[in-house]
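**Q** The listed protein sequences derive, respectively, from chains A and B.
Just so you know, we're using numbering that gives the first Met the number 0 here: the first sequence kicks off at 0 and counts up by one.
Just so you know, we're using numbering that gives the first Met the number 0 here: the second sequence kicks off at 0 and counts up by one.
Hints are not guaranteed to be accurate.
[To be verified] In the EDC-like style, the derived pairs of lysine to aspartate or glutamate whose C-alpha atoms are separated by at most 20 Å in a straight line are:
hint, chain 1, residue 1, chain 2, residue 2
1, A, K109, A, D47
2, A, K274, B, D192
3, B, K137, A, D59
4, B, K137, A, E6
5, B, K110, A, E6
6, B, K102, A, D130
7, B, K226, B, E179
8, A, K5, B, E179
9, B, K102, A, D47
10, A, K82, A, D59
11, A, K8, B, E179
It is worth saying that the hints were derived from the structure and are not from the lab.
This one's a predicted model, so the numbers in the text were calculated from it and none came from an experiment.
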Amino acid sequence: MFLSIKEIKKEKVRYGLIIGMIVLICYLIFILTSLAMGLAQQNTDAIDSWNISSVVLDKDSNTSMTQSMITKDEVKKTKITSKEAYIGQTAVVAKKSGRTNESAQFLGLKDNQFIAKNLVLSSGHKVNKSDQVVVDDKFQTDGYKIGDKIQFNSNNKKYTIVGFTKNAKLNIAPVVYGNISTWKTLKNGNSQVIASAIVSKNANFKTANKQLKTYSISAFISKLPGYSAQNSTFTFMIAFLMIISLIVIAVFLYILTIQKIQNYAVLRAQGIPAKTLVGATISQSITLVVSGLLIGIMLTAITAIAMPAAVPISFNIPILSAIGIGLVLTGLLGSLIPIRIILHVDPVSVIGG
Amino acid sequence: MTTLQLNNINKYFGTGSSRVHVLKDVNFTAQKGELNLVIGPSGSGKSTFLTIAGGLQTPSTGNVELEGKAVKSMSNRQRDAMRLNKIGFVLQAHNLIPYLTVKEQFQLVKKVKKEHNLTNLSLDVLLKQLDIEELQNKYPGELSGGQNQRVAIARALYTRPDIVLADEPTAALDSERVAEVGKIFQTLAREQDTAVIVVTHDLRLIEFADNVYQIMDGQMTLNNNMKTA
Ligand SMILES: Nc1ncnc2c1ncn2[C@@H]1O[C@H](COP(=O)(O)OP(=O)(O)O)[C@@H](O)[C@H]1O
Ligand SMILES: [Mg+2]
């Protein structure tokens, strides 16, 4: 510890630059990871808020709620309990003159089922008439207000915004919660169609009909349009970033140690045990990586506070902690590589001439 | 009392036609209380002799005994401990750690060898004698060659070694300083009962020596006539 701290103190610029580099690497990884997590979350925010375990869809819908249609006949023999709810999903463009158009996901609900009943609003009240809607607060950010009358697509009928809800995103689009009858109107469906899907809090919920199929929530989410592709892209991007950063940090620490071999040879000649020198090298690497990491975390925290709400970012502490530990372990590894050299440093090499 | 003994030492470097015979049947003994000077030109094998004497290199043939114990029979750890506790090296170059101040060079030693070092008072006296007591908060890079050399000498003596091995300790010093260093080594031998071995091509040190050896092409001979010459 003595040697490593003294050296950092003497070579402030050199070690400052190395810590700076580690800070930037940590910061880059933290922010990219959080952005990826944020984007991933916007695919599923709304679904996550329902706390459901399974989804029933038409078996020919390719696990897509927007493609699925469930008819009255199909659910005739199925018992719908308080743990189940109908949902009608369709993509809409919401507009009001003087406001920006919003590409949104319309979700039609039944007022007396759990999704509508459990909906948490940030302002306003719940839907109690078919011409009312509750919308994601992205609308609020974009200037919409409670009482605004909006239209969907080219439909002339107007719907009133009566409430806002937080974190209601589906497929990266804000959600408009309305009545399931509104959904039917938007879909121009025949009167036999009653919903796109049945969602249930019961993982083993089954219908009696062969045309309907129950999917687990994870199977359903992985089939959300673009979701898996997007996530694997980000996972690979971050994994490559991690591996390359790890190599860069390890190489830097390796070079640092190699530069000190001369000094170590002198100390070995004087009888300072190799153990002391190995200890100095390891403690120095850890000091550098940990200080870089701490500053990186601070920068990330500042960024988290300063980031505009519109940017999808989500700071997942367990994942970021795991990354942080990974970085420290890499530092350790980088300093362990040259240990063989330290142990075999030849004291005679400094006594020539 | 015989502290250091080298018996029939030969040292070769390389193999086959490129083999060089650097030390040839060297016999050498050093007693406590004496300053031994080994004089020889550059390339004569002085540094090789000194590193073998200090257990940093092994001879090709022959054996080294330290206070009656064969260096060959020691483990690496025992050799480290021997160097730390019994030997004070004054190396030819790169002797100090560049990122430690003069004071910290001693602190580092104290962290590893906790006991039987110079007291703060005796260290102060030594630093004054070497005229470096003002430099304690300076880094080696801020010192002149001669100042560095004197710090290195103080560093070697700090552990109160039984044997001091010095490689060209006066290379960067002017005559006045050479006399000072010569006197320090002489006092060290006589008053601390230390065995001091200095290899050098600096004839100015001869007047302080108890024994003068000459080394030429790896052959060592005792030549105390040089003292009167
Ligand atoms: N590791 C080595 N490999 C090959 N030759 C060496 C090695 N060390 C020293 N020598 C050779 O041994 C001779 C004596 O070197 P050295 O002991 O350093 O002499 P001095 O210190 O008297 O100048 C020189 O010719 C040198 O080239
Ligand atoms: Mg030499």
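**Q** None of the hints should be skipped; say for each whether it holds.
**A** Consistency of the hints with the structure:
In summary, the hint linking K109 (chain A) to D47 (chain A) is supported, as the alpha carbons are separated by about 19 Å, within the 20 Å threshold. As the CA atoms of K274 (chain A) and D192 (chain B) are separated by approximately 32 Å, the hinted pair breaks the 20 Å bound. About 81 Å separates the Cα atoms of K137 (chain B) and D59 (chain A), which puts this hinted pair outside 20 Å; it is violated. Proximity of K137 (chain B) to E6 (chain A) is assessed by CA-CA distance (about 14 Å); at most 20 Å being required, the pair is judged to hold.
Of the pairs offered as hints, the one joining K110 (chain B) and E6 (chain A) holds, with about 16 Å between alpha carbons and a cut-off of 20 Å not exceeded. For the hint linking K102 (chain B) to D130 (chain A), the alpha-carbon distance of about 84 Å lies beyond 20 Å, and the restraint is violated. Proximity of K226 (chain B) to E179 (chain B) is assessed by CA-CA distance (about 18 Å); at most 20 Å being required, the pair is judged to hold. With a C-alpha separation of about 32 Å, the suggested pairing of K5 (chain A) with E179 (chain B) is violated against the 20 Å cut-off.
Our distance criterion of 20 Å between C-alpha atoms is broken by K102 (chain B) and D47 (chain A), whose separation comes to about 63 Å. The straight-line distance between the Cα atoms of K82 (chain A) and D59 (chain A) is roughly 25 Å, outside the 20 Å bound, and the hint therefore fails. The hinted pair formed by K8 (chain A) and E179 (chain B) fails the criterion: a straight-line CA distance of about 34 Å is larger than 20 Å.
The structure fails hints 2, 3, 6, 8, 9, 10, 11 (numbered hints given earlier, in ascending order).
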